[in-house]
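Enquirer: Below are the chains, spelled out letter by letter.
There are 2 protein chains.
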Amino acid sequence: MSETRGLKLLSTLAEDGRLTVELVEDALPAPTGDQVLVRIEAAPINPSDLGLLFGPADVASAEYSPRRIVARMPEPAMRAMAARIGQPLGVGNEASGTVIAAGDGPAAQALIGRRVTMIGGDMYAQYRLIDASGCMALPDDVTAEQGASAFVNPMTALGFVETAKAGGHKAIVHTAAASNLGQMLVRVTQVDGLGLVNIVRSAEQVALLRGIGAEHVVNSSDADFLTRLEDAIAATGATVAFDAIGGGTQVSQILHAMEKVASRGAAYSRYGSSMPKHAYVYGSLDMGPTILTRSFGFTWDVSGWLLPPFLQQAGAQTAERMRQRVRDNLTTLFASHYKARLSLDEALGRDAVLAYNARRTGEKYLILPNG
Amino acid sequence: MSETRGLKLLSTLAEDGRLTVELVEDALPAPTGDQVLVRIEAAPINPSDLGLLFGPADVASAEYSPRRIVARMPEPAMRAMAARIGQPLGVGNEASGTVIAAGDGPAAQALIGRRVTMIGGDMYAQYRLIDASGCMALPDDVTAEQGASAFVNPMTALGFVETAKAGGHKAIVHTAAASNLGQMLVRVTQVDGLGLVNIVRSAEQVALLRGIGAEHVVNSSDADFLTRLEDAIAATGATVAFDAIGGGTQVSQILHAMEKVASRGAAYSRYGSSMPKHAYVYGSLDMGPTILTRSFGFTWDVSGWLLPPFLQQAGAQTAERMRQRVRDNLTTLFASHYKARLSLDEALGRDAVLAYNARRTGEKYLILPNG
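Those protein sequences? They're chains A and B, same order as listed.
If you use the working numbering, the first sequence corresponds to residues 4 to 374, in order.
If you use the working numbering, the second sequence corresponds to residues 4 to 374, in order.
Isolated chain A, as found in the complex (with noise of 0.2 Å):
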């Protein structure tokens, strides 16, 4: 077998602070060893895609040309960047496609013609040249639109329970709740009896919640929001929180209404109360700076949070563990619901640009690279 051509998608930062973003022709060779050939099926577009597509760039006033976007990265974030500058970066974590090529090795061999769903960034192609060990081989009722997200995700909400259970919490609080992995979370928690407070921001999300059972969810917009999320806290015991948002003052918000349960009757401590209270930052759909009023004792942690480190951190068993129960419940428990269908090219046309990049919750796009 020779080369295979197809489209990928490159994300480029220039010194001068231009992000050009394109579809190049890219030359595959053929699998060896463990490696196998996978025709991209379905990516999909997750928030941590974005970051790297993007990130703060000036969409809005970007020069679109067929297959190529050239936008404005402004200064302040230039040098967060600085590491980036200059290198062509492929983008998108997971997907899911067919193996078409495979190299001499078992593993790959026993790939073929299999369908089946892939992390490892760069999937934004036509093809992807992978390492057998970085895909999961699908069942076969499974379509690759349904096994698209079946990383990202899935194994983020077992990673919160995981990381709650670890942490001798008994209820979660979630911020931006009726996104994909917050629904998903919704069912994985009455699953396992473990309390969650969600959190959105309209009428509508509650509505959504409450429609595939979520018991305790506020809606920031309230203006009774901190009593109700105070009462929702009370309720289910909850002293982790994982947030979606990272900028403004969500995260103490969270944490002074679990210092005030904990406080309940107790006598006045300037150092507030003893009962540990942790808050994980795992996304940041608001770029700007968590603002901590730190009106919630001393006894409180905010973490970021990633799913690499914490897989590696958990073990090859739990991480094993966690991708059997994915792979079990995909077209269940785990899943995922998409607000458009994208090909490569249109994924770079202006429109789809601001619909996408503007992350409105529970609004999933997926790019189809190959029609």
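Hints were generated in silico from the structure; no laboratory data involved.
Just so you know, these numbers come straight off a predicted model, no measurement behind them.
Be a bit skeptical, because a hint or two may be false.
Pairs count within a copy or across copies, as identical chains cannot be separated in the list.
[Claimed, not checked] EDC-like mimics (lysine to aspartate or glutamate), calculated; alpha carbons at most 20 Å apart, straight line:
1) Lys173 to Asp107
2) Lys263 to Glu18
3) Lys263 to Glu233
4) Lys168 to Asp304
5) Lys263 to Glu78
6) Lys173 to Glu233
With chain A's structure known, arrange chain B on it following the hints.
Expert: For chain B alone, coordinates are given in the frame of chain A:
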């Protein structure tokens, strides 16, 4: 023995926001069981005492009369203080004094006539009734002044070192590092072979720390502060910080510098390095919010740090080992220096309040309740 009468300082916040700090006469019963009665000789004013004594109340425009101050608490601060409203609170975490009476218990009897150092609150008073377990007998050659600050600062300095070692860190960043606590930390880390980066705010403080042998001292008022901070972190390998300030961006600056050092020479990763970075906030010299820019990847923790829960978690054996080390080195490693000495009456005078409540780094005051 009948009751003993003496002056005691109380801080009371009324519902209308008026904070009254006053000296009242207190009548203490004779000690029983394991209790001892201590005539207090010296009690330091620590930043942690000022939070309870005045908090953010407006002491500049308060009414001062003999043995009484009435100040106004700003409205935004009242919410966090709801639990103390209407309660007359004693102040003063630690002190030294002489045991003048004891209960029948052997632990109490063993202390009769001894000079002791104590922790337990209510120390801004002429007498204190306390359980023998809250006292530590001082060596004969230690004066009341030398023994007055034997708990809060020394145990905190050792607590930082224990926390850093337990987390696998080989060097510490410390802010407001010219404080009495900071000077102890310089000496302890030298003995223990742990790296230390001292952040101070003036050239005078740089000179002070260099004078006691500190190797890495960076001045946040210098134009090239961030570069120097990064260099000092690179030179020491510091991955943990203890911050006395709380408000503002210094925690972010430290984590950002640690991240830059960890990423040197690495390929670009939008998620940042996998180097654990931990900042502990142990004080609130700036009561404003902690601003986390999150410009330091996803592998980070920011936590509150407080001595009592640390000691509880560390266990009795570690705590006793730390106490023993303090007792053995009170006039060397753990020596404190005082800016001025005040009687209880003087401590309620306007000039004195404005001076000690300014919390100037390294300017510690001592109350001598019995003249």
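Enquirer: Against each hint, give a clear statement of whether it holds in the structure.
Expert: Consistency of the hints with the structure:
1. In this homomeric assembly, Lys173 and Asp107 never come within 20 Å of each other (Cα to Cα): the closest approach is 48 Å inside a single copy and 46 Å across copies.
2. Taking identical chains as interchangeable, the C-alpha atoms of Lys263 and Glu18 lie at most 20 Å apart only when they sit on different chains, with a minimum of 19 Å there against 48 Å within one chain.
3. Taking identical chains as interchangeable, the C-alpha atoms of Lys263 and Glu233 lie at most 20 Å apart only when both belong to the same chain, with a minimum of 8 Å there against 38 Å between chains.
4. Within a single copy, Lys168 and Asp304 get their C-alpha atoms as close as 16 Å, and across copies as close as 19 Å, so both meet the 20 Å cut-off.
5. Only between protomers do Lys263 and Glu78 lie at most 20 Å apart by alpha-carbon distance; the minimum there is 18 Å, versus 41 Å within a single protomer.
6. When the C-alpha separation of Lys173 and Glu233 is checked against a cutoff of 20 Å, the pair qualifies only within one copy, where the shortest distance is 16 Å, while the shortest distance between copies is 40 Å.
In this structure, the one hint that does not hold is number 1.
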